[in-house]
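Assemble the complex: chain H is given as a structure, and chains B and E must be docked to it using the hints.
Residue numbers (our numbering), protein chains in the order written: chain H, 13 to 280; chain B, 849 to 1114; chain E, 23 to 292.
Keep in mind that a hint or two might mislead.
Claimed, not checked - These stretches of chain B come out as covered by chain H in the derived footprint (C-beta under 8 Å, 3 or more residues):
hint	region
1	1017-1024
2	1034-1045
Claimed, not checked - Examples of chain H residues toward chain E, derived with CB under 7 Å:
hint	residue
3	SER110
4	LEU112
5	GLN113
6	LYS138
7	TYR155
8	ARG157
As the list claims (entries may be wrong) - Straight-line C-alpha distance at most 25 Å; calculated SDA-like pairs for lysine to any residue:
hint	chain 1	residue 1	chain 2	residue 2
9	H	LYS255	H	VAL223
10	B	LYS862	E	PHE213
11	H	LYS236	H	LYS255
12	H	LYS95	H	PHE122
13	E	LYS288	B	GLU1009
14	H	LYS84	B	PHE954
Think of the hints as simulated: they come from the structure by calculation, not from any bench. Ideal Cβ positions, reconstructed from N, Cα and C, are used throughout, including at glycine.
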Amino acid sequence: MKQILKFENVIKRYPNGVHALNGVSFEMKEGEFISVIGPSGSGKSTLLRTINKLITISEGTVVLDGEKISDKKGKALRSLRRKVGMIFQNYNLVYSLSVLQNVLHGRLGFMKGFKGIFGIYSEEDKKKALSLIKELGLEQFAYNRASDLSGGQKQRVGIARAIMQEPKLLLCDEPIASLDPSSAKTIMDLLKDMTSKRNIACIVNLHQLDVAMKYSTRIIGLSKGKIVFDDTPDKLTEEAIEKIYGTSYENLMLGGEKSEKEDSFNCA
Amino acid sequence: MKKKIPLIAHDLKKIYTIFAVVVVVLFIVCTILTNFNVMSLVSNGDAFWSFITNDFLPPKLPKASRIPGVLSSVLVTLALALSSTTIAAILAMFVALFGSEKVSPFPKLAKVVRGFATFLRNIPALVWAFILFSSLGIGTGVGFVALCITSFAFMVRAFVETMEDVSQDCVESLLTVGGTFPQRVSQAILPSCLSGFLSWFLYCVEVNIRASTIVGMVGGGGVGMTLFSYIKNFQYDIALSIILLIALMVIVVDQVTNILRKELLK
Amino acid sequence: MENVIIEKKINKKIPVKCKNKSNFIPIFMISVAILTILSLFYLNIDWVKLFSRVPDMGHVFWQLGHLDFSKIDLIFSSLLETISIAVLSLLYSLVLGIIFGMFAARNIFKIKALSIFTQSFFTFLRAVPTPVWVLLMLVCLGMGPEAGVAGLCVHTTAFFTKSFAQSFESISDETIEALEATGAGRLSIFFNAIIPTALSQIVAWAGMRLETNFSECAILGMVGAGGIGFVISSSLKGYDYGTAGVAILLVFIIAYLIERMFVRIKRSIN
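Bound conformation, chain H alone (with noise of 0.2 Å):
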């Protein structure tokens, strides 16, 4: 399998001095769909985000592809994040757009000069991006404006303009967590079909850890800013998970006095 990731001693520190990450390093390979779980404020978004360089490292390398994003700017960066597709807690759509607009977004990063100023698709990304659109059953909503849509069709709308993007990698940042549990089930379903049918590489931030056990090939562990396990479900023993949450397990299990967001569990 090819390898399409690499961290290598990555640190990233916040002006105002706190170290969101602090020496990341793994390797990711195609096909694989890794969960990465950790308390919050653990540095879990901002990994992410520095995959795509929405946000800049302070120090180490990361290697997206072959390629390293750290030294990109301008077109090349431009031309690397194309490959990596991203879904967002908050969906991030433009609620006045249509959906097939939003969804055809996924193009934009291809087209040049004034044709993508004012969204002038070509009928070849129309007809992928229906029928994209309709693999995600959203078929009879592809003109309504994004706003109209409830929070799962919402997030199947972002699912879809990803997509579009064919990316290798693509990145998810707590895609459930603003929603209900049985379209949270149908987001983590239509996430690993629709990576699995394509050979996409799928990175998840997730706050359930009943759900990333069940999807994921690989689960990464994150606490203070550094990766306190990185293994397969399987060996996320309760001493692991009480190693990332710096908590008992029966603790977590049974929300007791924990705050709002880790209650997020049992929702799940």
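Coordinates of chains B and E only, in the frame set by chain H:
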């Protein structure tokens, strides 16, 4: 029980007390500084009232031959307000794109852009008008530029805030797609912020209707100038009917912009 | 399936935009553009002449930049006068605004005619720009701070009446009903329940108005009243650019400080 039972928490009471003391001190200091005396207003009440009833009432129409001129001066004021706001809005939209760290391709310049707009905004429109009069001469064109400057600066700030509120998320998503800056602007920022921008534009039109009347008074032309000339000639009854005309103009414009704004935000 | 139908119907091009999308925004923008172009023709501005004088503008700014502090006494005293007029008019209008706001709000005295009359009267007062009122007051009262305060008060009171009435009306009828049930009178309900609830909004409105009042007050001098505006306009007219530069700079600094202060207060309230 010597002390009264307090009704509100101690520290809250402290804040209120400090606040009240500050207000009273300010009031006294300002009154002394300006020698302002309310009683003089009251004692002059009779003279004041007779002045209003004798000189202002009833409102009198200007001479029939002057009426078309007055009406066209209202049109000048309206045209001045609308055209200056539109030009300012177009300029402000381009500049606002560079005024937000999250959107601009040159984040380091964003502070400079916003600072410049703050400078322009905090000098009142009439001061701009005077500066411009002394360099460009008196006339409608200068009134136009003066109104442009302040509404431009105001809209830069309003547009930047709208963009940061509305389109941050979708800008991020178009970044990950590999979109260029113009693509991000046209495909994410414009569609999601346009109605917000237009509603600020309408607000600015309202403000500029008043401002263009004032700029007119000092030489920018329009209905303000007409009013000023009648007041200068002591024709207060005619001035009153012009004031009523101005009020009517402002109220009508406010109503129209209100309807349009509701339609926009639907 | 729908998309298949669409593809068949329009063989050449697949549409991408929303169906039944409202045309309001494009129509609105086009009409604004047309009206603007018509306005520009109507105004008949001599652009060539205007632009040919732009280099003069640079010259004026250059001169304004040569700050001349020789008349700083005059500038400071008139600046203080301006600030005082702004503050005084704000405080007087605050009291008047609360009283008239009480009349204008529909849920306090519950006399419909009274609130409609008050509201429409103040709508008229608000529609006339402040300098016009100040000019009229100058005519009535003669030169002096009285005219400035009274003129500013007209507009500010009208503004406060409208916004306070709005704040009062946003208090739920149930609260008022509950107090009515205890047998409390209208005025005691107003001062014990409604004012405390609306207090934070009143402070916010007042802060916002202080900003406007200061800049209004700064320009009053230009239409004939005293204060910093008079210094600016007379020194500009007398080609005393250095003094005008200092005065304008001070106006900017004060306006900026008020704005920052208000942003701070707003943040701490939220």
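Here is how each hint holds up against the structure:
no., hint, verdict
1, 1017-1024, "holds (count 7)"
2, 1034-1045, "holds (count 7)"
3, SER110, "4 Å, holds"
4, LEU112, "5 Å, holds"
5, GLN113, "5 Å, holds"
6, LYS138, "4 Å, holds"
7, TYR155, "4 Å, holds"
8, ARG157, "5 Å, holds"
9, H:LYS255 with H:VAL223, "19 Å, holds"
10, B:LYS862 with E:PHE213, "20 Å, holds"
11, H:LYS236 with H:LYS255, "11 Å, holds"
12, H:LYS95 with H:PHE122, "11 Å, holds"
13, E:LYS288 with B:GLU1009, "16 Å, holds"
14, H:LYS84 with B:PHE954, "17 Å, holds"
Of the hints listed earlier, there is not a single one the structure fails to meet.
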